[in-house]
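Trainee: Here is what each chain is made of, one letter per residue.
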Amino acid sequence: MNIIITITVTALVVLYAGLFKAKKALLPLTLLGLFTALGFVVTSWDTNHVYYNMMQMDNFGLAFSGLCISGSILVFLLTQNYFAEHSENIAEYFTLMLFSLAGMIIMVSYKNMSMLFIGIEIMSVALYILAGIRKTNFGSNEASLKYFLMGAFSTGFLLFGIALIYGATGSFDLDVINEYLISNYKTVSPLFYPGLILMMIGLSFKVGAVPFHFWVPDVYEGSPSLIMAFMSTVVKTAGFAAFLRLFSGTFAPLHDFWLPPLMVIVCLTLFIGNVTALFQKSFKRMLAYSSISHAGYLLFSLVTISSRSTNDVLFYASAYTFANIIAFAAMIMVKQRTGADTFEAFNGLGNKNPFLAFTVTVAMLSLAGIPLTAGFIGKYVMFLNVMDRYQIYLVAFAILNALVGFYYYFRVIAAMYFKEGSELQLVIPLQYKIVLVFSVVITVFLGVYPSFILNLI
Amino acid sequence: MEQLLLILLFFPLVSAIVTACSGSAAKPVALISSLVSLGIAAVLVLNFIPDASLQFGINYPWITALGISFKAGVDGLSIIPILLTNLLIPIIILTTFKSGHKNEPAFLALMLFMQTGLLLVFTAMDAFLFYIGWEAALIPIYFICAIWGGKDRIRVNMKFFVYTVGGSLFMLLGIIYLYLQNPAQNFDIQAFYNLDLDAAQQSWVFWAFFLAFAIKMPIFPFHTWQPDTYTEAPAAGTMLLSGIMLKMGIYGVIRWILPVVPLGLTEWGMTAFILSIIGIVYASIIAFKQQNAKRLIAYSSIAHVGLISAGIFSLNAQGLQGAMIQMLSHGINVVGLFFIMDIIANRMKTNDIAALGGIAKVAPKLAIVFLIIVLGTVALPGTNGFIGEFLLLMGVYQVNIWAAVFAGLTIIFGAVYMFRTYQGIMLGKTNDLTLTFRDIQGSEQVVLYIICALIIVIGVYPKPVLHLSEAAVQQLLEQVNQKLISVK
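So the protein sequences, as listed, match chains A and B. Mapping the first sequence onto full-length UniProt numbering, position 187 (from 1) lands on 187, and the numbers just tick up by one. Mapping the second sequence onto full-length UniProt numbering, position 415 (from 1) lands on 415, and the numbers just tick up by one.
Among the clues, some could well be false.
To be verified - Pairs of lysine-lysine residues, derived as DSBU-like cross-links and limited to a Cα-Cα distance of at most 30 Å, are as follows: (1) 349/B - 429/B; (2) 98/B - 352/A; (3) 98/B - 483/B; (4) 361/B - 352/A; (5) 483/B - 429/B; (6) 429/B - 335/A; (7) 102/B - 419/A; (8) 349/B - 419/A; (9) 151/B - 352/A; (10) 159/B - 349/B; (11) 419/A - 335/A; (12) 23/A - 281/A; (13) 159/B - 419/A.
Derived by calculation from the structure, the hints in this document are not laboratory data.
Let's have the full structure, built from the sequences with the hints guiding it.
Mentor: The following block contains the structure:
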């Protein structure tokens with residue numbers, strides 16, 4: 001609870017600081033608040049507090065909260081000079097991002113379905129605005145509107161699902177629902193099944209799984225790059241945690257029922273995400289589709305609910321978050337320099353700025369899943385779990401998809417090292433350097449010594 | 001002594017980092033550190049007791065949650081590839097002394113990084129570690145070939161990369177499968193040896209592994225990436241690929257396929273054997289028609305590797321022993337050949353046989369060393385190639401006389417095209433282009449003389465090398481046979 005309070009108070013303080021034109025203080029204040037929240041995550045470890053049967057700060061919730069907060073810190077560090085181009089009111093953006101983060105903390109630690117809904121709404125409403133902060137830009141407006149409409153739609157599904165499940169069980173509480181399922185295993189109310197499917201659809205919307213992914217590329221492309229970085233890393237992680245909490249815990253007794261539709265979603269997500277990414281000309285759009293395909297790998301963990309699932313999702317999400325943040329940081333810098341976010345914009349980066357090129361290479365290797373990076377272990381544990389359930393064909397299918405992935409991630413590497421580009425110099429601001437170095441170190445560290453996270457929860 | 005292997009494995013990695021930071025002194029730094037590696041390897045070989053046991057073993061827990069440990073060791077099967085790797089890396093580094101590469105430190109650092117990957121592959125006794133090494137060797141060579149390669153390098157290397165990674169991902173699938181069947185929940189090779197799988201399971205695992213190894217070697221019909229990649233790669237990259245990297249595939253078959261899935265072998269080993277024989281004939285015929293000498297050597301390499309893999313799949317002591325020594329010989333010879341092609345290409349700007357001729361007159365030293373290397377390649381008695389090919393053919397003969405006939409004929413065929421190449425480049429009339437040819441000098445001489453000396457020494461007195469692997473090969477065959485009998 002103290003985590004949410006800290007973040008919310010920080011948001012308000014930042015808002016007031018903005019009111020008094022204390023622009024220089026915004027980032028330090030935000031970081032101070034977030035580091036404090038991170039400190040609370042550490043001190044609350046293993047305490048397993050339950051707040052009024054609404055939220056449960058178990059290790060699961062804390063670990064994902066920690067990941068979301070760390071990801072947010074990195075994204076905030078990337079804001080150096082970023083928002084200033086768009087508007088004067090930087091404080092509002094900071095506040096919105098912090099509110100969104102507060103929503104996510106609720107999403108990863110809810111114990112009651114109403115909290116799930118509230119968390120998602122707090123997170124999403126802030127994001128609708130953030131997607132549209134470039135007020136005069138057509139794409140940004142489109143992104144905002146599309147995101148809002150689609151988000152409202154998916155929330156509708158979710159709410160309807162929650163209502164039906166409430167009708168069947170008479171409760172919003174996850175534990176009560178779970179007990180209901182165990183004790184009435186043979187005679188589950190017919191209301192429950194459509195409710196479950198509707199919730200699955202609603203959450204699939206949120207994490208951008210196929211066939212509910214149509215908003216993802218447009219929204220990601222239209223939003224400012226930094227907001228996209230936020231959405232595709234931190235927000236996605238929170239979405240998965242919410243998904244996992246519900247399906248691996250509460251709905252686990254009905255595994256046989258929801259597995260087939262989920263399998264269809266997983267296969268489609270992997271295939272469409274990967275194949276479409278292959279044909280993109282824009283780096284930003286490629287990342288959007290690649291984020292869809294990573295959603296597919298993450299959903300693997302739901303296919304095979306096991307004792308390790310949560311650790312595996314946490315690991316994959318961390319690997320994905322840190323690698324993606326590097327990619328976005330590089331993209332923001334390259335775009336500021338060349339004005340484009342195509343693959344060609346990266347041409348010759350290996351000569352121009354070997355350090356940046358190296359970090360992007362590590363990020364791409366991790367996203368592609370090459371050994372000694374975190375991404376490999378992430379993919380490996382996912383494959384291992386699915387294989388464990390003897391779903392070998394699914395693994396073979398995923399491997400073919402991973403192969404497709406190599407193709408488009410290596411296009412970036414090819415552009416940086418093997419092609420000649422303009423001789424424009426690129427200077428990396430200090431904060432970007434910190435983010436890049438930190439993310440690379442984490443990516444390699446987790447690749448070599450994954451036990452750190454794999455044994456966490 | 002206990003930590004010798006650890007030093008051997010990670011010294012190249014450390015020197016890679018040092019080399020990358022050493023600026024203009026990169027060449028001597030890389031050479032000296034690779035010579036130190038060779039020294040460590042020499043100590044290892046001298047202290048190696050040529051029996052079937054696992055020596056210099058190290059075993060540290062690594063990713064305990066997943067049952068992965070850092071377990072490595074040296075036995076008779078791995079000692080020869082280890083020796084080969086540490087022998088060839090300094091030679092290959094020395095070959096780059098005359099030719100300038102842009103961004104030299106990165107180039108050499110990648111090479112040394114690759115050395116660690118290769119050595120991990122050759123010493124790993126944990127399947128997961130093996131896989132890590134397998135990929136760790138691939139990434140640097142991809143960058144070496146794609147950054148410093150020829151015109152068409154991007155497309156060609158993408159093909160190479162996706163091919164090999166595709167293969168290795170299926171191997172990963174096989175490894176995970178074995179791990180899940182393993183009641184001990186680890187990746188230990190001993191545990192994998194003792195697994196009790198039925199024929200159908202073993203067949204699947206066989207294919208999962210074989211695909212990765214067949215692509216790496218390459219065996220027909222998985223070879224289509226190879227000629228393009230060899231031709232487009234920078235000379236040092238070609239030498240790494242052909243001299244050391246393809247031995248990863250050969251070693252993989254011996255280490256992982258034979259003892260782990262012998263039943264899969266009885267089901268599908270003949271298919272692999274036949275594919276290997278087809279590869280020999282097919283590659284030789286294509287090599288015969290090549291105009292570009294570098295490409296010709298690339299195809300001839302497919303033929304030679306085909307014979308090695310046929311020898312392994314014949315599953316007898318001669319075939320396996322032949323494979324072991326031929327790994328060493330082929331590595332040495334092919335590096336020599338590609339280096340000569342590089343020397344010629346640097347001076348004449350072409351490797352086209354028709355455009356060259358009469359170089360022997362202006363470059364007598366090159367003519368002699370080139371001849372010795374060609375003789376080694378065509379397996380003249382008294383050279384290193386002979387003993388290996390002789391044993392391999394003997395092994396193949398015991399399986400099928402016709403296969404041996406085809407393979408043997410191709411050896412003769414190989415001699416024809418190798419000599420024709422030699423004739424076309426070195427003999428005949430000196431033309432305007434080749435008149436300006438400078439004979440080899442300095443580091444080029446050193447490299448080629450070392451290679452020639454190795455060709456002759458191993459050719460005349462192969463016993464120490466054969467002795468290294470003999471006991472391990474015997475034990476391997478017994479192990480395979482025992483496992484087969486126990487199932488029947």
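Trainee: Run the distance test for residue 419/A versus residue 335/A: straight-line Cα separation, threshold 30 Å.
Mentor: holds (18 Å)
Trainee: Straight-line Cα separation of residue 23/A and residue 281/A no greater than 30 Å?
Mentor: Between residue 23/A and residue 281/A the Cα gap is close to 37 Å, so the pair fails against 30 Å, i.e. violated.
Trainee: Take a quick look at whether residue 361/B and residue 352/A sit within 30 Å of each other, Cα to Cα.
Mentor: Violated: residue 361/B and residue 352/A sit about 47 Å apart, past 30 Å.
Trainee: Hinted pair, alpha-carbon criterion (30 Å max): residue 98/B, residue 352/A. Please report holds or violated.
Mentor: holds (27 Å)
Trainee: Could you grab the alpha-carbon distance between residue 98/B and residue 483/B and see if it respects the 30 Å cut-off?
Mentor: Given that 30 Å is the threshold and the Cα spacing comes to 53 Å, the pair is violated.
Trainee: Are the Cα positions of residue 483/B and residue 429/B separated by 30 Å at most?
Mentor: violated (61 Å)
Trainee: For residue 349/B and residue 419/A, compute the direct alpha-carbon distance and say whether it is at most 30 Å.
Mentor: holds (23 Å)
Trainee: Quick one, are residue 151/B and residue 352/A close enough, alpha carbons at most 30 Å?
Mentor: holds (21 Å)
Trainee: When you check the alpha-carbon spacing of residue 349/B and residue 429/B, does it fall within 30 Å?
Mentor: Holds: residue 349/B and residue 429/B sit about 19 Å apart, inside 30 Å.
Trainee: Holds or violated: residue 159/B with residue 349/B, Cα cutoff 30 Å?
Mentor: Holds - the C-alpha atoms of residue 349/B and residue 159/B are around 26 Å apart, at most 30 Å.
Trainee: Can you confirm whether the C-alpha distance between residue 102/B and residue 419/A stays at or below 30 Å?
Mentor: holds (14 Å)
Trainee: What's the verdict on residue 429/B and residue 335/A, does the C-alpha distance respect the 30 Å limit or exceed it?
Mentor: Given pair residue 429/B, residue 335/A is violated - Cα atoms ~59 Å apart, limit 30 Å.
Checked against the numbered hints above, the structure violates hints 3, 4, 5, 6, 12; every other hint is satisfied.
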